[in-house]
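Participant: Chain B: place on chain A using the hints.
There are 2 protein chains.
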Amino acid sequence: MLKSIPERIEALRRAMKEKKVDAYIIPSSDPHLSEYPADCWKSRVWISGFTGSAGTIVVTADKAGLWTDSRYFLQADIQLAGTGIELYKASLPETPTIPEFLLTALKEGQTVGFDGQTYGASDALNLQTKLSKKNISLEASYDLVGDLWEDRPSIPKNQLFEMPVELAGQSVSDKLNVINDQLHQQGADCLILGALDEIAWTFNIRGTDVTYNPVVVSYGFVSEKETVLFVDQQKVSKEIAENLQKEGVILGDYSRIYTYISRLPHDYTVFIDKAKTNYALYKAIPEACAIIDDITPANHLKSIKNETEIKGFRNALVKDGLAMTKFYIWLEKQMAAGEKVTELSAAAKLSSLRAEQPLYLMDSFAAISSYGAHGAIVHYTPSPETDATLLPEGLYLLDSGGQYMDGTTDITRTIPLGEPTEQMKKDFTRTLKGMIGIAKCKFPAGIRGCLIDVFARKALWDAGIQYLHGTCHGIGHCLNVHEGPQSIRMEENPVILKPGMVMSDEPAMYRTGEYGIRTENMILVREDSETEWGKFLTFETLTLCHIDTRLVIPSMLSVRELAWLNKYHQMVYELLSPQLNEEEKAWLKEKTSEI
Amino acid sequence: MLKSIPERIEALRRAMKEKKVDAYIIPSSDPHLSEYPADCWKSRVWISGFTGSAGTIVVTADKAGLWTDSRYFLQADIQLAGTGIELYKASLPETPTIPEFLLTALKEGQTVGFDGQTYGASDALNLQTKLSKKNISLEASYDLVGDLWEDRPSIPKNQLFEMPVELAGQSVSDKLNVINDQLHQQGADCLILGALDEIAWTFNIRGTDVTYNPVVVSYGFVSEKETVLFVDQQKVSKEIAENLQKEGVILGDYSRIYTYISRLPHDYTVFIDKAKTNYALYKAIPEACAIIDDITPANHLKSIKNETEIKGFRNALVKDGLAMTKFYIWLEKQMAAGEKVTELSAAAKLSSLRAEQPLYLMDSFAAISSYGAHGAIVHYTPSPETDATLLPEGLYLLDSGGQYMDGTTDITRTIPLGEPTEQMKKDFTRTLKGMIGIAKCKFPAGIRGCLIDVFARKALWDAGIQYLHGTCHGIGHCLNVHEGPQSIRMEENPVILKPGMVMSDEPAMYRTGEYGIRTENMILVREDSETEWGKFLTFETLTLCHIDTRLVIPSMLSVRELAWLNKYHQMVYELLSPQLNEEEKAWLKEKTSEI
Numbered sequence: 001m002l003k004s005i006p007e008r009i010e011a012l013r014r015a016m017k018e019k020k021v022d023a024y025i026i027p028s029s030d031p032h033l034s035e036y037p038a039d040c041w042k043s044r045v046w047i048s049g050f051t052g053s054a055g056t057i058v059v060t061a062d063k064a065g066l067w068t069d070s071r072y073f074l075q076a077d078i079q080l081a082g083t084g085i086e087l088y089k090a091s092l093p094e095t096p097t098i099p100e101f102l103l104t105a106l107k108e109g110q111t112v113g114f115d116g117q118t119y120g121a122s123d124a125l126n127l128q129t130k131l132s133k134k135n136i137s138l139e140a141s142y143d144l145v146g147d148l149w150e151d152r153p154s155i156p157k158n159q160l161f162e163m164p165v166e167l168a169g170q171s172v173s174d175k176l177n178v179i180n181d182q183l184h185q186q187g188a189d190c191l192i193l194g195a196l197d198e199i200a201w202t203f204n205i206r207g208t209d210v211t212y213n214p215v216v217v218s219y220g221f222v223s224e225k226e227t228v229l230f231v232d233q234q235k236v237s238k239e240i241a242e243n244l245q246k247e248g249v250i251l252g253d254y255s256r257i258y259t260y261i262s263r264l265p266h267d268y269t270v271f272i273d274k275a276k277t278n279y280a281l282y283k284a285i286p287e288a289c290a291i292i293d294d295i296t297p298a299n300h301l302k303s304i305k306n307e308t309e310i311k312g313f314r315n316a317l318v319k320d321g322l323a324m325t326k327f328y329i330w331l332e333k334q335m336a337a338g339e340k341v342t343e344l345s346a347a348a349k350l351s352s353l354r355a356e357q358p359l360y361l362m363d364s365f366a367a368i369s370s371y372g373a374h375g376a377i378v379h380y381t382p383s384p385e386t387d388a389t390l391l392p393e394g395l396y397l398l399d400s401g402g403q404y405m406d407g408t409t410d411i412t413r414t415i416p417l418g419e420p421t422e423q424m425k426k427d428f429t430r431t432l433k434g435m436i437g438i439a440k441c442k443f444p445a446g447i448r449g450c451l452i453d454v455f456a457r458k459a460l461w462d463a464g465i466q467y468l469h470g471t472c473h474g475i476g477h478c479l480n481v482h483e484g485p486q487s488i489r490m491e492e493n494p495v496i497l498k499p500g501m502v503m504s505d506e507p508a509m510y511r512t513g514e515y516g517i518r519t520e521n522m523i524l525v526r527e528d529s530e531t532e533w534g535k536f537l538t539f540e541t542l543t544l545c546h547i548d549t550r551l552v553i554p555s556m557l558s559v560r561e562l563a564w565l566n567k568y569h570q571m572v573y574e575l576l577s578p579q580l581n582e583e584e585k586a587w588l589k590e591k592t593s594e595i
Numbered sequence: 001m002l003k004s005i006p007e008r009i010e011a012l013r014r015a016m017k018e019k020k021v022d023a024y025i026i027p028s029s030d031p032h033l034s035e036y037p038a039d040c041w042k043s044r045v046w047i048s049g050f051t052g053s054a055g056t057i058v059v060t061a062d063k064a065g066l067w068t069d070s071r072y073f074l075q076a077d078i079q080l081a082g083t084g085i086e087l088y089k090a091s092l093p094e095t096p097t098i099p100e101f102l103l104t105a106l107k108e109g110q111t112v113g114f115d116g117q118t119y120g121a122s123d124a125l126n127l128q129t130k131l132s133k134k135n136i137s138l139e140a141s142y143d144l145v146g147d148l149w150e151d152r153p154s155i156p157k158n159q160l161f162e163m164p165v166e167l168a169g170q171s172v173s174d175k176l177n178v179i180n181d182q183l184h185q186q187g188a189d190c191l192i193l194g195a196l197d198e199i200a201w202t203f204n205i206r207g208t209d210v211t212y213n214p215v216v217v218s219y220g221f222v223s224e225k226e227t228v229l230f231v232d233q234q235k236v237s238k239e240i241a242e243n244l245q246k247e248g249v250i251l252g253d254y255s256r257i258y259t260y261i262s263r264l265p266h267d268y269t270v271f272i273d274k275a276k277t278n279y280a281l282y283k284a285i286p287e288a289c290a291i292i293d294d295i296t297p298a299n300h301l302k303s304i305k306n307e308t309e310i311k312g313f314r315n316a317l318v319k320d321g322l323a324m325t326k327f328y329i330w331l332e333k334q335m336a337a338g339e340k341v342t343e344l345s346a347a348a349k350l351s352s353l354r355a356e357q358p359l360y361l362m363d364s365f366a367a368i369s370s371y372g373a374h375g376a377i378v379h380y381t382p383s384p385e386t387d388a389t390l391l392p393e394g395l396y397l398l399d400s401g402g403q404y405m406d407g408t409t410d411i412t413r414t415i416p417l418g419e420p421t422e423q424m425k426k427d428f429t430r431t432l433k434g435m436i437g438i439a440k441c442k443f444p445a446g447i448r449g450c451l452i453d454v455f456a457r458k459a460l461w462d463a464g465i466q467y468l469h470g471t472c473h474g475i476g477h478c479l480n481v482h483e484g485p486q487s488i489r490m491e492e493n494p495v496i497l498k499p500g501m502v503m504s505d506e507p508a509m510y511r512t513g514e515y516g517i518r519t520e521n522m523i524l525v526r527e528d529s530e531t532e533w534g535k536f537l538t539f540e541t542l543t544l545c546h547i548d549t550r551l552v553i554p555s556m557l558s559v560r561e562l563a564w565l566n567k568y569h570q571m572v573y574e575l576l577s578p579q580l581n582e583e584e585k586a587w588l589k590e591k592t593s594e595i
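Heads up: the sequence lines are chains A and B, in that order.
So that you can map any letter, position 9 of the first sequence is 9 in our numbering, and since no number is skipped, the others follow by simple counting.
So that you can map any letter, position 353 of the second sequence is 353 in our numbering, and since no number is skipped, the others follow by simple counting.
Just chain A, with the same shape it has in the complex (with noise of 0.2 Å):
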């Protein structure tokens, strides 16, 4: 057994050379490029000892690295201590990137070497061309780092489930049917699925083999001819078999994928995106034939959900209103009675109220339960070391979400513990300026979603202030809480907004070392008119919870908003109130009354 990290890197090190690999890539992905791989694929884990969710390792035959943004630099630090490893902290005008380290470490022809199906096949290709400058090639047949980990997991054998039509709103066939189509109008013959979530849409099946993420690990090839779904045939049901071969599906073995994909007739034109499909599925497909790289058919359909899926998101998120109803009653109670609440028992805590409720699944992401200035932290989770105590004072930031057999959520609000100061609800008030401003915009049909990003910054903008991250991002139907591929953003993202579309609403503002506020809803693109100008959209909010109107200057807000909000509320009141008992029903009559 290798014990130690150096150890692990020394073996590492003789499997390169004896395979002749000069440096060695290990990065955080699984073959389907998820965001929550499985155990068995955190090799870079094993090889590091680094947990952080996003790094990659570089060996070489004297240097080894490990490259990760600014959320880990401390964890890093620690966690690499003695270990021999180098953190090179990625996006700092210093650092090199992984390219221009290997261009500087190693000579003229030499080679680098990953594991192809962990590696995503954009980026693969992307780091070719860097490479060939110095005519460094790629050789990505070996998972060195498999061979060498013992103890390794094996592949997650759990039974899926079928999403039944009855929740998903439409049968399988008919989704190949769509596909197909538009296969066709694309002059493409075949499309070869990596992404997990976009085939468990497409066959309309849910499993539980990753945190989070409610999906099963397979790949999926849709043709007119057959179609396959790829999949440990262990983890499928007799019953559920004979379902999807009724709806014109043929099931394979996970691992045949390859060969089957190698096999294509060489006429064939192929459909893939690239930056969803590892490097070493993408090589398998024959050289002669053609390949449409792009968002995929099943990818756009899935973004554009339909009238049983939103009738779902609409019962999931009165469930979800609950959970948070009572939890906030709960957390003041704890409060108000003395008794130790930290961000982890409070993420706990609310947790066990989701899971109270009817269809609950799992978490849709780890809680972001976050207390003072880690609030400030935008990506921060508590652990066992950070885990903080909430004090009757300063802001208190949740940001969480549960995964219903009916619909996927995620919502943040941001509570004050103690007396807000001005300036909290001055920054609190400017948040929710922009979270209405996109709540209750409306736009001509076909624009893409960075042309209204501005609705949700203006407020704060105005006051100098400026958050980095997106503003909106797509959400599943019982699928990954960030799915594409629209998105309302900043940066460029060609994806025009559609109906039917669920998306979040989460303006935030962050002051280092003293809190964060973030107030999220969940909203639906829907259709608003038809002018001379043609279509135009608007959104509807999904997200049933009150905001903390203690944070609220509302001379601050315009009529309209204050209105919006006011009208918000009502609605929260009168959709979460029926289920909720006496006690309640006057908390959040309280909560939710007129400013």
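Everything labelled a hint here was simulated from the structure, so no lab data went into it.
Where hints are given, some of them may not hold.
Since the list gives no way to pick out one identical chain from another, each pair is judged satisfied if it fits inside one copy or across any two copies.
Below, in silico cross-link-like pairs of lysine to aspartate or glutamate (DMTMM-like), each with a Cα-Cα straight-line distance of 25 Å or less [claimed, not checked]:
1) Lys274 to Glu492
2) Lys133 to Asp181
3) Lys283 to Asp267
4) Lys130 to Asp294
5) Lys17 to Glu139
6) Lys535 to Asp462
7) Lys133 to Glu287
8) Lys333 to Glu356
9) Lys133 to Asp189
10) Lys440 to Glu491
11) Lys89 to Glu532
12) Lys426 to Glu532
13) Lys425 to Glu530
14) Lys63 to Asp77
15) Lys130 to Glu287
16) Lys3 to Glu385
17) Lys19 to Glu139
Facilitator: Just chain B now, with coordinates in the frame of chain A:
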């Protein structure tokens, strides 16, 4: 002499046959891809009789077609009658694009020809990619129309003149140093300039070779070793030639650029902007040279005005405001006296008033003098056939500008000629809110223009109204009235907004068959403040001309918008009145009085 269009087309077909060209394309551009080509490059007009500003002719053995956009459908229909040339209405779903047409009309392996000197390199390369599907090759060596055109005008021979450093704010040698520094930083050895405004800016020269743009037909070459201005030597006085030499500039003959470029050292990395370089010039670069294709350093530098240029703009805008004020006083009197005023006569009057101002060179574009329903035609310019008489009713939209040695201007105002309707007022006020929305916005440094475009549109979108053109374009300093590389519009443009950029601010709305409304000011990007979130920028309004408050509904403006308008009017009066006579002063005082 080939007198009729059919004769000309037939002669072209004979030439095509001789040169083994199966289809021949005649675009509207000149060798510099200018917005306003000189008469000698109006081959497309000569071959087709179609005089619109945009349009491309394609001729095959049995077909001839004109592709033009919706502005010119009617005009093209009339001008093409009897020519045998078919009108292809560009951008309509049923209309093939030119590449689509060629792929259908031609057989595998045939040849498409055009004059490489008047075809953009980017466009030619895109065409090549598309036609390669059918192995159709490009032949760019022949100017077949030029060979037939017996009385073709010569290339303009007007004397060029200097932009004195007192107005330019930077000497040629300083500009060349900065350009060479930037070329170095990007790893380029030299820069080829084909765009006439980039050349005029770099060499501090101006001319009257074409209408509206005070540029000189020329090419530029910049490197540490040698900098050459390729221009007809007869246009350059001895004094200017000597001055240029002192600044480190060699003069070369206009036509020698091709030979010069073809002899560049093979280890050179050449910087060009393929979108602003003709295909023949691009092809003249030795194949062994590496190419950097991007917006040129000259273009970026030109867009950021120095203090002297900004001072010049301020002077120019006082002069322009005086001309505008006098014009509207004249118009009011003419109308009151029942004198006939038409779109053309009004535009001519305004031109003559501008011409009375010091340092006036020419108008900066053909005035869009549009009365009533003509105002709803976005790119309308009056012609003797359409010239409408102004009546005491409806709206009159006038978009015009001047070229002064100290700055270029661009302004639009819309005024009522009779009692405006409530709808006119509402539309005007919504458009005005957009104009103010841009003028007074604050935004973080480093962002692209498209992110703030919505400030111009929000009030219109809220009413279900949209306009389809951009909101803000760059404006040259005694150069092109439309210049890049920055913009504020819905389309993606990666160029970021920087302090010193001078732009238009022109939201609009158009009611087809009724009227158009546009209010356009010139604005300057400047620093606003610096906070812990970074630098923030804002705009300063440069244009000085009253906005007709008879069309404003004050209650539709926010407190801040109203304050902006009143403050703006106060500034207009303060800066213009010292140069007005008592009668004019009184008139302007009333027009700029507080609402």
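Participant: Which numbered hints turn out to be false for this structure?
Facilitator: Every hint satisfied by this model.
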